[in-house]
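Protein chains: 2
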Amino acid sequence: MRNFSYILGLVLCICVTTFAQHPGLILTKTGVMQIKSSQHPPLFAKSVKNAKSLVDAAISQEIDVPVPKDMAGGYSHEKHKTNYKEMLYAGALYQITGEDKYAEFVRTMLLEYTRLFPTLGKHPAEKSYSRGKLFWQCLNDANWLVYTSQAYDAVYDYIPEAERDLMEQDLFRPYADFVSTENPQFFNRVHNHSTWGNAAVGMIGLVMNDKELVNRALYGLPLDKNAALAKDNDGGFIYEAGKAKAGFFAQMDYAFSPDGYYTEGPYYQRYAMLPFMVFAQALNNKRPNLKIFEYRNGLLPKAVKALFYQTNAVGEFFPINDAQKGMSINAGSVITAINIAYGATGDQAFVAAASMQGEVLLDQNGFALAQEVEKNPNQKFKKESVELTDGKDGTEGALGILRSGAGADEMNVCYKYTGQGLGHGHFDKLSYSFYDGSTEVLQDYGAARWVNIDQKAGGRYLPENKTWSKQTIAHNALVVDGKSHFGGKYDIAVDKYSTPVYFNVSNPNLQVATAKESIAYEGVDMQRTLALWKDEEFEKPLLIDLMWIASDKNHTYELPFHHAGQIMDHSFEFEVNNPKVMGTAHGYQHVYQEAIGSLDKPMWQLGWYKDRKFYTITSTGNIGDEIVLARIGANDPNFNLRKDPFVIQRKKETSNTTFLSVVESHGAYSPVNEIPIQPYAKIQSIEIVEENNNEITFKISTKTKQWLFKANKQTGNLSKIKQ
Amino acid sequence: MRNFSYILGLVLCICVTTFAQHPGLILTKTGVMQIKSSQHPPLFAKSVKNAKSLVDAAISQEIDVPVPKDMAGGYSHEKHKTNYKEMLYAGALYQITGEDKYAEFVRTMLLEYTRLFPTLGKHPAEKSYSRGKLFWQCLNDANWLVYTSQAYDAVYDYIPEAERDLMEQDLFRPYADFVSTENPQFFNRVHNHSTWGNAAVGMIGLVMNDKELVNRALYGLPLDKNAALAKDNDGGFIYEAGKAKAGFFAQMDYAFSPDGYYTEGPYYQRYAMLPFMVFAQALNNKRPNLKIFEYRNGLLPKAVKALFYQTNAVGEFFPINDAQKGMSINAGSVITAINIAYGATGDQAFVAAASMQGEVLLDQNGFALAQEVEKNPNQKFKKESVELTDGKDGTEGALGILRSGAGADEMNVCYKYTGQGLGHGHFDKLSYSFYDGSTEVLQDYGAARWVNIDQKAGGRYLPENKTWSKQTIAHNALVVDGKSHFGGKYDIAVDKYSTPVYFNVSNPNLQVATAKESIAYEGVDMQRTLALWKDEEFEKPLLIDLMWIASDKNHTYELPFHHAGQIMDHSFEFEVNNPKVMGTAHGYQHVYQEAIGSLDKPMWQLGWYKDRKFYTITSTGNIGDEIVLARIGANDPNFNLRKDPFVIQRKKETSNTTFLSVVESHGAYSPVNEIPIQPYAKIQSIEIVEENNNEITFKISTKTKQWLFKANKQTGNLSKIKQ
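Chains as they are written, first to last, in the working numbering: chain S, 42 to 764; chain P, 42 to 764.
Be a bit skeptical, because a hint or two may be false.
Which copy is meant is left open, so a pair is good if it fits within one copy or across any two.
Okay, derived cross-link-like pairs now, BS3-like style, lysine-lysine, Cα gap no bigger than 25 Å in a straight line [said to hold, decoys possible]:
hint: 1; residue 1: Lys581; residue 2: Lys751
hint: 2; residue 1: Lys93; residue 2: Lys286
hint: 3; residue 1: Lys120; residue 2: Lys723
hint: 4; residue 1: Lys530; residue 2: Lys70
hint: 5; residue 1: Lys684; residue 2: Lys654
hint: 6; residue 1: Lys740; residue 2: Lys537
hint: 7; residue 1: Lys163; residue 2: Lys126
hint: 8; residue 1: Lys684; residue 2: Lys651
hint: 9; residue 1: Lys77; residue 2: Lys93
hint: 10; residue 1: Lys87; residue 2: Lys421
hint: 11; residue 1: Lys621; residue 2: Lys693
hint: 12; residue 1: Lys366; residue 2: Lys651
hint: 13; residue 1: Lys163; residue 2: Lys557
hint: 14; residue 1: Lys684; residue 2: Lys423
hint: 15; residue 1: Lys110; residue 2: Lys744
hint: 16; residue 1: Lys723; residue 2: Lys122
hint: 17; residue 1: Lys744; residue 2: Lys90
hint: 18; residue 1: Lys744; residue 2: Lys654
hint: 19; residue 1: Lys120; residue 2: Lys581
hint: 20; residue 1: Lys594; residue 2: Lys168
hint: 21; residue 1: Lys524; residue 2: Lys433
hint: 22; residue 1: Lys557; residue 2: Lys537
hint: 23; residue 1: Lys642; residue 2: Lys507
hint: 24; residue 1: Lys763; residue 2: Lys621
Rather than coming from a laboratory, the hints here were simulated on the basis of the structure.
Can you build the whole structure from these sequences, using the hints too?
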């Protein structure tokens, strides 16, 4: 945060004199001057070029502002989305290039909307708990206002006053009222939907200098204490107990932990971050006395950084909870958030992020960032290992991220001991995913959903999201007696969280995270220690995975490892059968057993090949433990699931026990040169040397070397024993 | 071949005076002068740098020339391979840099081999029909000699004469005799193995100026007419009827068709091409009067071009017959072949290839090619659509390649109506694969093999290669009565080929290839017309696939389409069951039926998603035709197969019939922006309007447009009817 106070000071001194100036909402008059007076750095020039090609194409077509009719994916829905994006770019281009055609495009389109809006009732589709006007849900209407208020601000001085008055009277004010006072169940929640609503109302209020709207955005509508505990379309409660505030400040108080973690996870955070950051930028420009970027110890920039840190080597978000895989920091909302966060802090982490994104905003933040990227075009930024607490006070579990290396070679462990994650949460306490570069060594399945793809249930969550993706067996998490955590019941799980025990990443060669969970299964305590271990004997860091389980009673314990690779070798005998469905509920109804073996020695190994690289898991086991080679895909009548293979270690009739594994990344093979590099694991065995209620000592061996480790159950520490 | 005569003339005039000069085998004295006197173009500089880093690392280690012991993948095998590659680079670096350390490295290593060789009997592994000395098979020994003769030539003048005499007496001459006179079953075949043998003996002969060895290489050993029809390790005959010659000229006479097609397919051609080209280059330098590059109308450069043309948009070979997927023009052997072919012809196709390869040889050819690439760094070369005849006289079937677009957007259809392809052939007459950029829209499965991967049967062909990969059902080819072509019997198929009927690519908007096959199934004639059709209504070209079948008797016809994608939508109802193994032989023992439907209208559609793009097949059908959604992977005890899905259209109790499909590439979806672009096919229906014994008229319709096509069974032509 080196430049934080400097930049903030600069912004303050500029803005005091320019509250009512246009543009002044996001892009400022001073910003325009800077941009016009300097050579454009390559990244900025590229972004201008892209915007021009988009808007010029739109200008060459006839403007269409269709009567609302379709759901997401349909014509009217997508057209209104395209329209607001084109207006946003056109407004910025008008300021940057000074060409009137861009302002004229925005003006003409706004007049069309001004004509259409008063004729509209609610959207004909009756699918949302808060139906919109242009769109099927208020959420999209709020999106429209957030973008369009920026476009309006950019061309404000171009539009004749009489037309502005008409627009404000027939379009902007009634639209702001619609998404707020007329839809309190949308506007007054503590939820990402409401953040969009708050930002929409606040931003158009700032452009029109309407203090009442701005206050409504900041502090919400009066709360209706008698509102029922209704649920929204995602199954979350609309109003939650104990959250006694509304409006933008309430969102900031409740949505993030003090570390900037967003309880639904990064997939939803990248979407929610945009209204937080653009409204904050607008407030910073127009209401600098609020010191919005400093609120809660600089929470907003911290949250953007936390978001960037929840990515793998290529910037894809860890797909915890309901998340469509592949979503990354290259999403438009994250580009916006990173640019604004950089403007607020000057933190170099955001320069690295922008470098990966390859795109910047068309404003003073984007310009400054592009200049930085030009100075350091190829920097390999080492993201830190971090523990991000969950819950508004940081007391409801955490997400632990262990990482090593930088750039495309980064290795990441995303260890989840958070709260439930509201309606989008999965039942996967103490689960993790493990990445080697962009390769998922052990995957989190993510959501069963094709966002916006009409063929797949209209782009909504698929039935298999509930029956498979959310279930415990779909994760690298312990299943007890064939049931998901909390019995897979949201109402029970919603306020539960795991307990962080130990997190120490001060030694880059042995980074350790430990957490425990005692509520997911009644009468079963589990504690898992993950360690990212680096040793010169191995090309890449290894993952040590130690899980301790204690119970008074006997149970069946099943620990899945979702490798999703091509099996190369295995240390144990197994019998292959025709695929057999493994169960009827808790996700097992979607799993085929393809083979089963039983251990005849206290160890097993399985090697697989994936993305041209080799991996091996080496685990301890008890004689008689079963190893199941399984595959996703049973009872999938619409072919909605990916039929990925995984392996399950099963212990029957066991009370207290320990699962111990080490996962090794050990080689590569290219079909072009056909030369395998180290296709076999170096690790030959793993062995528990001594174990009691407090400690475990174990040995990892290659052909020529041995290492002794000790893990402490009380402290959660894991350390190497010098020999 | 613009520069052909110019370059040839230059080479001639240089070489006449330099037959006995060193270096003069591949890299020439004149070449060294050119390289030393000019600025290195970037590609050449990069290749020099890579070679230096490899050899400098080797020089810093102790030289190891181990006693032969291991199979492929094992230490001694891989070490001897590494040694000859290091010597090759070191020799070239000595010439280019003038640094003695490189020559000294080669000299020292050669002395080690000279010491070791006389002590060697045959290699201890008894796995080959022609066991080697340093390696388990003579083939690798020949590799060693081909590379090492170049290294020896490069440092010839550096090594004291007495040491040279020793090397030639104890190592090179006896080694040349070993791979020829002592192993006639290896040396005297018409086969890629023997080409390596011929090149090895000829090249070391040229360096030593040993005419007897050179003649042996060119014309072979006297033929043993009584040799039995023994088979080699791949199941091919060692001696074949009617091939009455041996030696390098015989290879050129028999190995290629006049179009430069190699009957085993491009995967094996890319390997075989190296000894052809390096020996030819050596002959062109040392025996220019042979005019080797002009032999058979310039066959060798033509074959290299044919090889380049048998690739998809990213340079990967069409994996017909036994081929490990992913093998591409980036393989070292193809870099060598392309460089030499460019030197012989100056053809710009090779410049485009070198640009993709990103690497050149360290000689005058590589230098000239790198200069060309520097001049045109980003050219998008449009590979032509071609029909490559098969058989030494070009009369034994052909491979038809239809393509459109250039660079990474290239679309390719590889249509196979060749001969069997010897021991590596698959039973897949009239099959094809279809590519959209690097995406396999409809795949050829390729081989079931992990080359050099010890875990998978020591890197040899897996049992499933025979039981699955070679079978007809594993291809986009017609299966009659559940049996593979020729009953899956190699001895029957070996000399059979399909009949090319029509090939016309003069209209870039409708390129057509037709072939027929009447022998694969007794009493069943099949003729297939494939057309790559471009129309402004569609973003990308479409594939039209028309198959006519005639028989006197009723049969079950099954036509598989190997999409290997995620199913998105389907026009027909189906019933999903637990996976059911589809048969017991001819590949069906490896297939699960996942769902089955029966047509209740004369058309069906299936859409899938793959590599972030959407595809749909629209096909005609008869009421009652069955559509099976199938998956590879049954009876696969070692998890050797990729469990890819495909679809089968089945017609029961049918004699004459027609299969007609159109495959549409129609959209894209990125999980980053989550905006689907045209996720549904534009094509709504396909309909046969009229059909008789000679002709078929069919209609393809979108919502707003229609096209009529006419196909002629006699001529094989397919044309659009103007409306």
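Status of the hints after comparison with the structure:
1. Lys581 x Lys751: within (22 Å within a copy, 60 Å between copies)
2. Lys93 x Lys286: neither (42 Å within a copy, 68 Å between copies)
3. Lys120 x Lys723: between (56 Å within a copy, 20 Å between copies)
4. Lys530 x Lys70: neither (53 Å within a copy, 80 Å between copies)
5. Lys684 x Lys654: Result: close both inside a copy and across copies, 20 Å intra and 19 Å inter.
6. Lys740 x Lys537: This pair counts as neither: shortest intra-copy Cα distance 35 Å, inter-copy 61 Å.
7. Lys163 x Lys126: within (23 Å within a copy, 74 Å between copies)
8. Lys684 x Lys651: both (15 Å within a copy, 14 Å between copies)
9. Lys77 x Lys93: Cα proximity of lysine 77 and lysine 93: one copy only (16 Å, versus 49 Å across).
10. Lys87 x Lys421: Cα proximity of lysine 87 and lysine 421: in one copy and across copies (22 Å, 23 Å).
11. Lys621 x Lys693: Within one copy, since 19 Å is at most 25 Å while 30 Å is not.
12. Lys366 x Lys651: both (17 Å within a copy, 15 Å between copies)
13. Lys163 x Lys557: neither (48 Å within a copy, 62 Å between copies)
14. Lys684 x Lys423: neither (34 Å within a copy, 38 Å between copies)
15. Lys110 x Lys744: between (68 Å within a copy, 20 Å between copies)
16. Lys723 x Lys122: between (53 Å within a copy, 23 Å between copies)
17. Lys744 x Lys90: neither (58 Å within a copy, 36 Å between copies)
18. Lys744 x Lys654: within (21 Å within a copy, 46 Å between copies)
19. Lys120 x Lys581: Intra 48 Å, inter 24 Å, cutoff 25 Å: inter-copy only.
20. Lys594 x Lys168: neither (47 Å within a copy, 57 Å between copies)
21. Lys524 x Lys433: neither (30 Å within a copy, 66 Å between copies)
22. Lys557 x Lys537: within (12 Å within a copy, 68 Å between copies)
23. Lys642 x Lys507: neither (38 Å within a copy, 35 Å between copies)
24. Lys763 x Lys621: So lysine 763 and lysine 621 fail the 25 Å test inside a copy (48 Å) and across (55 Å) alike.
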